[in-house]
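**Student:** Chains as they are written, first to last, in full-length UniProt numbering: chain H, 1 to 278; chain E, 1 to 322.
It is worth saying that the hints were derived from the structure and are not from the lab. Just to be clear, a hint being listed does not mean it is correct.
As the list claims (entries may be wrong) - One side of the interface only, derived from the structure: several residues of chain H facing chain E at Cβ under 10 Å: (1) P65; (2) N111; (3) L115; (4) G128; (5) H171.
To be verified - Covered stretches of chain H, going by a simulated chain E footprint (3 or more residues, C-beta under 8 Å): (6) 129-140; (7) 161-167.
All C-beta atoms in this analysis are idealised placements derived from N, C-alpha and C, irrespective of residue type, glycine included.
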Amino acid sequence: MTPLANEDPRLDLIRDRAAWMRRRALRMVNRSKLGHIGGDFSATDILATLYFGVLRYDPAEPRAPGRDRFVMSKGHASGVLYTALAAAGYFPEDWLDSYMAPGSLLNGHPNRMYLPGVEANTGPLGHGFPIAVGIAIAGQLSGDGYRTYVLTGDGEQQEGSNWEAAMTASHRGLANLTLIVDRNGLQQGDLTEDTVSLEPLDARYRAFGWEVTEVDGHDPAELLSVLGAPVGARTRPLCVIARTVKGKGVSFMENRAKWHHGVPSEAEYEAAMAELGG
Amino acid sequence: MTRMDRTPGTFDCRKAFAETMEELARADERIVVVVNDSVGSSNLTGFRAAFPDRTINVGIAEQNMVGVGAGLANGARIPFVSAASCFLSGRALEQVKADVAYSGYNVKLVGQSSGVAYGELGATHHSIEDFAWLRALDPLTVIAPADPWETEAALRWAAAHEGPVYLRLSRMKVPDLGPDADGRRRFEPGRARVMRRGDDVAILALGTTVHLAMEAAEALAAQGTGARVLSVHTLSPLDEAAVLAAAQETGALVTAEEALVRGGLGGAVAELTSAHRPVPLERVGFDGFQKTGPVDWLFREAGLTGAGIAEAARRAMRRRDG
Numbered sequence: 001m002t003p004l005a006n007e008d009p010r011l012d013l014i015r016d017r018a019a020w021m022r023r024r025a026l027r028m029v030n031r032s033k034l035g036h037i038g039g040d041f042s043a044t045d046i047l048a049t050l051y052f053g054v055l056r057y058d059p060a061e062p063r064a065p066g067r068d069r070f071v072m073s074k075g076h077a078s079g080v081l082y083t084a085l086a087a088a089g090y091f092p093e094d095w096l097d098s099y100m101a102p103g104s105l106l107n108g109h110p111n112r113m114y115l116p117g118v119e120a121n122t123g124p125l126g127h128g129f130p131i132a133v134g135i136a137i138a139g140q141l142s143g144d145g146y147r148t149y150v151l152t153g154d155g156e157q158q159e160g161s162n163w164e165a166a167m168t169a170s171h172r173g174l175a176n177l178t179l180i181v182d183r184n185g186l187q188q189g190d191l192t193e194d195t196v197s198l199e200p201l202d203a204r205y206r207a208f209g210w211e212v213t214e215v216d217g218h219d220p221a222e223l224l225s226v227l228g229a230p231v232g233a234r235t236r237p238l239c240v241i242a243r244t245v246k247g248k249g250v251s252f253m254e255n256r257a258k259w260h261h262g263v264p265s266e267a268e269y270e271a272a273m274a275e276l277g278g
Numbered sequence: 001m002t003r004m005d006r007t008p009g010t011f012d013c014r015k016a017f018a019e020t021m022e023e024l025a026r027a028d029e030r031i032v033v034v035v036n037d038s039v040g041s042s043n044l045t046g047f048r049a050a051f052p053d054r055t056i057n058v059g060i061a062e063q064n065m066v067g068v069g070a071g072l073a074n075g076a077r078i079p080f081v082s083a084a085s086c087f088l089s090g091r092a093l094e095q096v097k098a099d100v101a102y103s104g105y106n107v108k109l110v111g112q113s114s115g116v117a118y119g120e121l122g123a124t125h126h127s128i129e130d131f132a133w134l135r136a137l138d139p140l141t142v143i144a145p146a147d148p149w150e151t152e153a154a155l156r157w158a159a160a161h162e163g164p165v166y167l168r169l170s171r172m173k174v175p176d177l178g179p180d181a182d183g184r185r186r187f188e189p190g191r192a193r194v195m196r197r198g199d200d201v202a203i204l205a206l207g208t209t210v211h212l213a214m215e216a217a218e219a220l221a222a223q224g225t226g227a228r229v230l231s232v233h234t235l236s237p238l239d240e241a242a243v244l245a246a247a248q249e250t251g252a253l254v255t256a257e258e259a260l261v262r263g264g265l266g267g268a269v270a271e272l273t274s275a276h277r278p279v280p281l282e283r284v285g286f287d288g289f290q291k292t293g294p295v296d297w298l299f300r301e302a303g304l305t306g307a308g309i310a311e312a313a314r315r316a317m318r319r320r321d322g
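Make a model of the complete structure from these sequences and hints.
**Tutor:** Structure follows, in structure tokens:
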């Protein structure tokens, strides 16, 4: 896609990387016959925007003290995280082919001890957000000026530990912390609202002392303008509710709980790849 | 108050903890504490006064507390996460597993008022399962110091060590055990201290039971039995060489711990010796949820006294000589 006049030049790269990440994540799932493709696709544009438009990092020095941090709390969407890290240069692209193979460094859920660029060993839900709060407190103490971003699923918000973390973050005025909720509306078994409802999610976070913004989680321009905005005078942590579509990009996967961890047949794989331009 | 609290010349190891923490924090600005409304119960009031910014109180939220600890380690801090051990090890067990042990974060978990220190408050507040739970988390070093000196030494080691540690402290007063059988005070993680020599039977203890093991050894000596006493301050990784040497050289073992005998030190010694050097083993400790009662009563009921441990030693020797 050609950038529009006046459009942020980063957007072209973000869109290009997002398209590549979707194709690559699909290939990984097809190869391993395992994975969480629906959640990978709902988060793809968010991760592409973060890694190719927002975060300051150096893949050659993955633990540089002043780096911006991204914590993937919805660790089951490791597929999309791995594609982002490979595209960002943390490790060679061909490592992706070992996704979930026996003994692979590309575990079903990310492991910081195995892979550069991973900040936290998530998987059980409700863990990444408290860790991100700790990182943000460390940043506040040191005055290093780095930003911390954490992505949770929406069903994940049912874990109580998130609300413990939300209280701590607002109490301490962690303006350097941004929570992104991948609001695709579906959890493993059903709609979130038919399981244990989350709405009004925005009002809940406001009541917990957060600043709240809603965005189209598949529009890099909107994501970039919100996630890339400087902290400025904001004194509260920021919650970005990203309206997303589970399985986004493949028509027969979109909005269907089956694709939470569905594995495509060969015919479905070919059809999905064609839709993704691969 | 318990009988132990009234014993002359005894010490509350929380004082050693508090003083050492302040000293360590003065020397290293990376050190912070994370608490769950447990500043007072962790004896950290002085620390907070000296280092208000480095005292991070997350409120009554233990899962968050441990996750925040991991995040602080990510941000190059050295967090000491200090809370009542029943909640730290129980409520936050998955965070201890995933965020600290499995993630390899440089977090120091400090379990306060462990064992049955909260005697009358009952089994919800007893922390006798923590040894079994946390010993299962391989990368986590598990240490239970026996006296103020071991407490200070363990803290200093933990602060300098890069890796996750669980320090199990008590508020029960214990005597200063003094130097080891070689006349030295030396703390090496993973190396048991030989507090008394003897080749007739060996008593392995840690934390609040080491001084009781010494009492038992005195009683046994009066009857002509030489009991070896080991302070196995590091439960994990266990000093396998010292345990197997004790099994080989005495042929009769006793473990004594303020914890469940299933899975704790007794479990660890049974696993090791059954595989490599099977000998009679008597495990003294708790066998399940405990009733309400003062600490010294709970100890007596479980046989955690000098006399009770000496009797366990005699049982082990009878089985050996059988």
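**Student:** Now, for every hint given, state plainly whether the structure supports it.
**Tutor:** Verification of the supplied hints:
1. A least Cβ separation of about 6 Å between P65 (chain H) and chain E falls short of the 10 Å threshold, and the interface hint therefore holds.
2. The closest approach between the C-beta of N111 (chain H) and any C-beta of chain E is roughly 8 Å, which is under the 10 Å cut-off, so the hint is satisfied.
3. Violation of the interface hint for L115 (chain H) is found here, the shortest Cβ-Cβ separation to chain E being roughly 12 Å, above the 10 Å cut-off.
4. About 8 Å separates the beta-carbon of G128 (chain H) from the nearest beta-carbon of chain E, less than 10 Å, and the hint is met.
5. Because the smallest distance between the Cβ of H171 (chain H) and any Cβ of chain E comes to about 8 Å, under 10 Å, the interface hint for this residue holds.
6. Counting residues of the stretch 129-140 of chain H whose C-beta sits closer than 8 Å to any C-beta of chain E gives 11, which meets the bar of three, so the coverage hint holds.
7. Only residues whose beta carbon comes within less than 8 Å of a beta carbon in chain E count, and the stretch 161-167 of chain H has 4; three or more means the coverage holds.
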